[in-house]
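Here the protein sequences line up with chains A and B, keeping their order. Residue numbers 1 to 359, in our numbering, belong to the letters of the first sequence in order. Residue numbers 1 to 329, in our numbering, belong to the letters of the second sequence in order.
Just to be clear, a hint being listed does not mean it is correct.
Listing some non-contacts, in silico: residues in chain A with all C-beta distances to chain B over 10 Å [what the hints assert, rightly or not]: (1) Ser29; (2) Ser42; (3) Ala58; (4) Glu73; (5) Arg88; (6) Lys89; (7) Gly92; (8) Val126; (9) Leu203; (10) Ala243; (11) Phe285; (12) Leu300; (13) Asp306; (14) Pro315; (15) Gly325.
Distance windows between CB atoms, simulated [said to hold, decoys possible]: (16) Ser65(A) x Phe243(B): 33 to 39 Å; (17) Thr256(B) x Pro271(A): 48 to 54 Å; (18) Phe243(B) x Pro127(A): 58 to 64 Å; (19) Arg32(A) x Val143(B): 56 to 62 Å; (20) Asn284(A) x Val132(B): 30 to 36 Å; (21) Arg128(A) x Pro120(B): 25 to 31 Å; (22) Ala304(A) x Thr256(B): 44 to 50 Å; (23) Val132(B) x Thr186(A): 56 to 62 Å; (24) Ala17(A) x Val143(B): 31 to 37 Å; (25) Val132(B) x Thr274(A): 36 to 42 Å; (26) Ala17(A) x Phe155(B): 24 to 30 Å; (27) Glu134(B) x Arg32(A): 31 to 37 Å; (28) Leu272(A) x Ile6(B): 57 to 63 Å.
Because the hints were derived from the structure by calculation, they are not lab data. Quantities reported herein were computed from a predicted structural model and do not represent experimental measurements. Every residue gets a Cβ at the ideal spot worked out from N, C-alpha and C, and that includes glycine.
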Amino acid sequence: MPLLEINNLVTAFHTPAGRVPAVDGVSLSIERGKTLGLVGESGCGKSVTAMSILRLVASPGVIESGEILLAREGGSVDLTQLPEPELRKVRGGRIGMIFQEPMTSLNPVFTIGDQIAEAVLLHRAVPRAAARARALEMLKLVRLADPEQRLDEYPHQLSGGMRQRVMIAMALACEPDLVIADEPTTALDVTIQAQILELLSDLRRRLQTSLLLITHDLGVVAETCDEVAVMYAGRIVERAPAAELFANPQHPYTIGLLAARPATGVRHEGPLRTIPGMVPLPQNFPAGCRFHPRCAYARLPHCAGDVPPLRDIRPQHQARCHYAGELGPATGEKGDAAHFPHFSNAGNELRPLFPEGGS
Amino acid sequence: MTTYLIRRLLFGVVTLLVITCFVYGLARNMPGTPLTVQLGETDPSRKFNPEDLERMKRIYGLDKPWPVGYAQWLGNVVQGDLGRSISRKQPVATLIAERIGPTFLVSGTALVLAWLAAIPLGLYASARSGTVDERATSLVLYVLYSFPTFVAALFLQIIFAVWLRGTNWELPLFGMTDLPADAPLLVRITDIARHAILPVTCQTYVSLAYDSRFIKANMEEAVRQDYIRTARAKGAGPWRVLFRHAFRNTLIPLVTLLGLSLPGLIGGSVIIEQIFTWPGMGRLFFESIRERDYPTIMGLTLMFSMLTLAGQLLADLLYCVVDPRVSVE
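This is chain B alone, in the form it adopts within the complex (with noise of 0.2 Å):
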C-alpha cells in the first residue's frame, strides 16, 4: 500500500511537472504580455516612456526567455510562493482562498443536487425500462443533456429576473451578494442563496441528466449478469435484486465518474461563473488568461492538475473498497 502511494505520488510529480511547464510555454508564447493588456485598456492617448515598459518587463521577469520564468516559477513553487498576480497586485494564494469558496458553494450544491436526484431517476429508468413512463423521463433528460448551459442561464435569467420581477419568484439576475460585508449574517445568508439558485440550478441539471443516464446503462449492464439471474433463482424480490445485487455492482463505475467530478467541484465552470458573474475560480480563470496574468494562470494550472490527480487517486483507492476484485498491490 506505502510502496503503492509513493509510487503513485512520484508519478503525479512528474505529470504535474510535464503540464505546468507545457501550459508556461503556451501562456508565455500567446500574443500579448500583462502589459500590453494593461497598455490596451487604458487611455490610448497616454504615451508610455519605452524605458518605462522596459524596467516593468525587468520587474515581472518579462524580459527573459520562458523557460528561465518557468524554472523560477517553479523554484518559488517549491518554495510555497505561488507569486503575486501582475494585473490584480495579490498574492495568488489570496486570490485562490478568496474565489474557493463560491465556487465550491456552487458545484458542491449541485454535485449533492445531482447525485441524490440522479441515483433514483437511474435506478427508476433501469426498473421501469421500455415502459412509456421511463421514456418520457429519458427524452426529458436527454433535452436536458444537450441543451447547453449557456442557453439554459439566459433563459433562467430573463424568466426568474426579468419577467418574474416584482413578484415572490424574483431572483437575482448575477453577482453573489447585494449586501456589505457587515449585513447581519443570516440575511447576508439567505441573500447568498438566493444568489445561488440558477447558477446552482444550470450546474445540476446537465451532471443530473448525464449521471442518471450513466446509472441507467449501468444497471442495465448489472441486471443482465448471471449473478442477478442467481440471486431471482434464491428467491429475492425485484427491489432487492436491484439494489443489493445489481446497484451494488453499479457502485464501481460511479466511484469513477465521482472521482473524475472533483476537479470540477474546486474548478468550477467558466461559462457558468461568468454568465451569472459569480466571484469563483472558474472565471477568475478566465479573466487571468484574457489579462496574460501569468502567475494566476500557472497557481490555477497547478491547483487543478493536482486536483485531477488526486481524483484519480481517489477514484482508485475507492475502486478497491467498492470492488473486492481489485487491489491496490
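Here chain A stands alone, though its shape is the one from the complex (with noise of 0.2 Å):
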C-alpha cells in the first residue's frame, strides 16, 4: 500500500469570473521511501496539487472532490475529510513542506532556532531546551555553516541557500513520512540548486523519508526521481518510472519537453527547441485533450472532442493520449531523449519541433 495516495483530486478556485479548476482529477501515489517527480509548466497545477494534500490552498481555492489517502497503523486516512485539529498533527508531523520561496517562507521576526524548535513544539511533548537541541542538531544535519551560531539569526542574516536548509531542517525536524518540496531551487542561484537537491536526496535517503518533489526541471527529474508524473493543465497526462519516462516518452507533451531540454556538452548553434504555443488558462482549458491545440500530432476532431484516458501504453507506464504508442518516429524505437533532435542547425530562424497545431 502507498504511503500516500491521491484519488481524483480536484481543487478549483472560485472567483468573481467563475470557477477555475486549477487542478482536475490528478491521481498519484507515492511508496515508502520513494521519489515522485511532479513535473509541469508554470500554471499546470502542480503546486495547487501540493498545497491540497496538506489543505494549504488559499481562499477562494476549495478542494471539491477526491481523496487523499495517508497510509497509517492498520490503515488509511483521507485528509481531505480529517478535521482541522488532526489535520495538524499530519502537517509539519507526518508531513513537512518546502517551499519556493526561500526568501519569504521564514518569518522575519523570530530566530532561525525559534521558528525550527517550533515545528518540534507543536509535534513532540518536550521542553523548550530539548527542542532548541533538536533544532540544533537538525542545522548541523543540513550542513549549515556555524550551526550554533545561526541558532540565535535572523532569516535576513541568512542567504537564499541558507535559509531553504533551514527550510529544509524545519521540514525534516519532526522525522515525517513525506516531504513535499514545491521548487525548493527555483528561487536559488544555479550553483546553490545542485547543493540543495543533493542534500535533499541524501537526507531522504538517510532519514527513509518519501518526497514529491515538485518541478519544471526535467534534469532534476532525472538525478532525483524514482517515479515521475508530467502535469499538463490540470491533469496528469504522462506516469512512469524516471528511467522508464525518459526512455520511452509516451505523451507528445513530454516527447516535447524533454526534446526542448538542451543537450549537455554540446555546443548549441541556433535556438532551442520549444513546444508552440502557450499552457491554456484553468478558465479556458480546451474540449478533449488539453493539450490537442498545441499538439503536432493531433488528430480532429477526435483529440478536440473526447478527453483520453489515462490509460497504461507499456508496463507501470500510462499515458494521457489517444494514439500514445502509435505517435510514428519521433517515439518510436529511437525513444531516448539524447536521440531527439534537440536543436535546429539551419540557420536563425525558430523551427519549432512540431509545426504549428489547430487551435
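Using the hints, build the complex out of the two chains.
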C-alpha cells in the first residue's frame, strides 16, 4: 500500500469570473521511501496539487472532490475529510513541506532556532531546551555553517541557499514520513541549486523519507526521482518510473518537454526547441485533450472532442493520449531522450519541434 | 548607537530652530497684538493714552522687529526661561505645569482605552474578515471614524447632561471639577472622573476606530505573507498563526503609530477641551493664539515640537526592538 495516494483530486478556485479548476482529476501515489517527481510548466496545477495535500490552498481555492489517502497503522486516513485539529498533527508531523521562496518563507521577526524549535514543540511533548537542541541538531544535519551561531540569527542574516537549508531542517525536524518540496531550488542560484538537491536526496535516503518533488526542471527529475508524473493543464498526462519515462516518453507533451532540453556537452547552434503556443489558463482549458491545440500529432475532431483516459501504454507506464504508442518515428524505437533532434542547425529562424497545431 | 543619538539630537535642534522661528514670525505678523486684543475687550468708552500704549509696547518688546524679538526669546529659552504670559501675568512654565495634568488625564486615558479595545477589535476583524459580523463591526467603526468629534461631543452633552438630568446617569456638562480644592481627596477624584467621562469618550472613539482599522489592514497584509503559510504547514493552529506569527509582524507599523500619538498625549485636543471647557493644553494653546499671547504660543509650540521629535525618535528606537532587520547603526 502506498504511503500517499491521491485519487481524482479536483481543486478549483471560485473567483468572481467563475470556477477555475486548477487541479482537475489528479491521481498520484507515492511509495514509502521513494521520490516522486511532479513535473509541468508554470500554471499547470502542480503547486495547487501539493497545497491540496495539506489543505493549504488559499481562499478562494476549494478541494471539491477526490481523496488523499495517507497510510497509517491499520489502514489509511483521507486528508480531505480529516478534522482541522487532526490535520494539524499531519502538517509538519507526518508531512513536512518546503516552499519555493526561501527569502519570504521564514518569519522575519523570529530567530532560526525559534522557528525550527516551534515545529518540534508543536508535535512533540518536549521541553523548550530539548526542542532547541533538536533545532541545532537539524542545522548540523542540513550542513549549515556555524550552526550554534546561526541558531540565534534572524532570517535576514542568511542567504537564500542558507534559508532553504533552514526550511529543510524545519520540514524534517519531526521526522516526517513524507516531504513535499515545491520547487525548492527555483529561486536559488544554479550552483546552490545542485547543493540543495543533493542535500535533499541525501537526507531523504538517510531518513527513509518519501519525497514529492515538484519541479519544472527535467534535469532535476532525472537525477533525483524514482517515479515521474507529468502534469499539463490540471491533469496528469503521463506517469512512469523515471528511467522508463526518459527512455520512452509516450505523451506528445512529454516528448516535447524532453526535446526542449538542451543537451549537455554539445555546442548550441541556433535557438533551442520549444513547444509552440502557451499553457492554457484554467478558465479556458480546451475541450477534449487539453494539449491538442499545441500538439503536432493531434487528429481532429477526435482529439478535440474526447478526453483521453490515462491508460497503460507499457508496463508501469501510463499516458493520457488517444494515440500514445502509435505516434510514429519521433517516439519509436529511438525513443531515448538523447536521440531527439535538439536544435535546428539551419540558420537563426525559430524551428519548433512541432509544426503549429490547429487551435 | 551614541553617534546615532547625537546625530538625531543635532538634527532635532536644527528642526526646532526652524519651527520656532517660523511660528514666531507668523505669530508676530498676525493682525493685532496682545495690547489691541486687551483694548478691544475692555470698555470702549475708556480712552487710552497713546504714550501709555508706546510704553507698554516697549515693556513687552513689541516695538522691535520680530527677528529681534525671536532672538531675545531664543536667548531666554536657552537659559531655561520660557518668559511670562502677557495676558495671564504668569510665567509660561507655570501655566504649562498647571495644564499638563488635566490634558494627560484625558488623552492618556483615551489612548489606553483606544488601544485596549482596538487590538482585540482589529484582530477579531482580521480573523473573521468577510463575515457578516465583521462587516457590521467595520461599518460601525467607519461611521464612528467619519463622525466629527464636535458633533459627537454636543450629542453626548445633550444626552448625558440634559436629557438624563436628575437620573443616575447624569454627567456634568463641562469643566473639570465643581468642588473646592479643599474637598476630601476621594470625593474630588470621583468628581473629576465624572467630568472626564464625556471628553474621554469623545477622544477615544475616533482613535479606536482608526487604530482598529489600521491593525486590521496590517494584519491582513501580514497573513498574506509566505511565512504564514510556512507556520500553517508546520502545524500551527489558527490562533497561534494569528497572534504569534502575524500580529508580531504587525507590531512594526503599530510602533510608528504609537510614536506619532505621543505629542497628542500632552498636546491634547483643542476641539474637545474647548467644548468641554477642560483646563488643558489644547485650550491654553487656542486661547493664547486668540489673545496673541506670544510667549505662551511660543512655549507651547516649543513643547509640542519637542514631543513630536521625541515621539519619532521613540518610534525609531522601538522599531529596532520589534524588527530584527532594523538597526540604528
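Here is what the structure says about each hint:
The beta carbon of Ser29(A) is kept farther than 10 Å from every beta carbon of chain B, the shortest such distance being approximately 22 Å. Distance to chain B confirms Ser42(A) as a non-interface residue, since its nearest Cβ pair spans about 17 Å, more than 10 Å. At roughly 8 Å, the least C-beta separation between Ala58(A) and chain B is not larger than 10 Å, which violates its mark as non-interface. Against chain B, the non-interface label of Glu73(A) holds: every CB pair exceeds 10 Å, the least being about 20 Å.
In this structure Arg88(A) is not separated from chain B by more than 10 Å, as the shortest Cβ-Cβ distance comes to only about 5 Å. Interface exclusion of Lys89(A) from chain B breaks down, the closest Cβ pair being 7 Å apart, not more than 10 Å. Under the 10 Å C-beta cut-off, the non-interface status given to Gly92(A) relative to chain B is violated; the minimum distance is some 4 Å. For Val126(A), the shortest C-beta to C-beta distance to chain B comes to about 15 Å, beyond the 10 Å cut-off, and the non-interface label holds.
Annotated as non-interface, Leu203(A) keeps its C-beta farther than 10 Å from every C-beta of chain B; the closest such distance is 18 Å. Non-interface status of Ala243(A) relative to chain B is upheld: no Cβ of that chain comes within 10 Å, the nearest being about 32 Å off. Annotated as non-interface, Phe285(A) keeps its C-beta farther than 10 Å from every C-beta of chain B; the closest such distance is 26 Å. Distance check on Leu300(A): its Cβ is at least 42 Å (rounded) from any Cβ of chain B, clearing the 10 Å threshold; non-interface status holds.
Every C-beta of chain B lies more than 10 Å from that of Asp306(A), the closest at about 38 Å, which supports listing it as non-interface. Every Cβ of chain B is farther than 10 Å from the Cβ of Pro315(A); the closest lies at roughly 36 Å, confirming the non-interface assignment. With 10 Å as the threshold on Cβ separation, the claim that Gly325(A) sits away from chain B holds: the shortest Cβ distance comes to roughly 40 Å. The hinted range of 33 to 39 Å is satisfied by Ser65(A) and Phe243(B), whose Cβ atoms lie roughly 34 Å apart.
Checked against the hint of 48 to 54 Å, the pair Thr256(B) and Pro271(A) passes, with Cβ atoms roughly 52 Å apart. With their beta carbons about 22 Å apart, Phe243(B) and Pro127(A) fall outside the hinted range of 58 to 64 Å. For the hinted restraint 56 to 62 Å between Arg32(A) and Val143(B), the CB-CB distance of approximately 59 Å keeps it satisfied. Taking the beta carbon of each, Asn284(A) and Val132(B) are about 34 Å apart, inside 30 to 36 Å as hinted.
In this structure the hint that Arg128(A) and Pro120(B) lie 25 to 31 Å apart at CB holds, the actual value being about 28 Å. Here the CB-CB span from Ala304(A) to Thr256(B) is close to 58 Å, at odds with the stated 44 to 50 Å. At about 41 Å, the beta-carbon gap between Val132(B) and Thr186(A) misses the expected band of 56 to 62 Å. Here the CB-CB span from Ala17(A) to Val143(B) is close to 32 Å, well matched to the stated 31 to 37 Å.
Checked against the given bound of 36 to 42 Å, the beta carbons of Val132(B) and Thr274(A), roughly 50 Å apart, lie outside it. The hinted range of 24 to 30 Å is not satisfied by Ala17(A) and Phe155(B), whose Cβ atoms lie roughly 45 Å apart. Evaluation of the 31 to 37 Å hint for Glu134(B) and Arg32(A) yields a failure: the beta carbon distance comes to about 45 Å. The supplied range of 57 to 63 Å is met by Leu272(A) and Ile6(B), whose beta-carbon atoms lie about 60 Å from each other.
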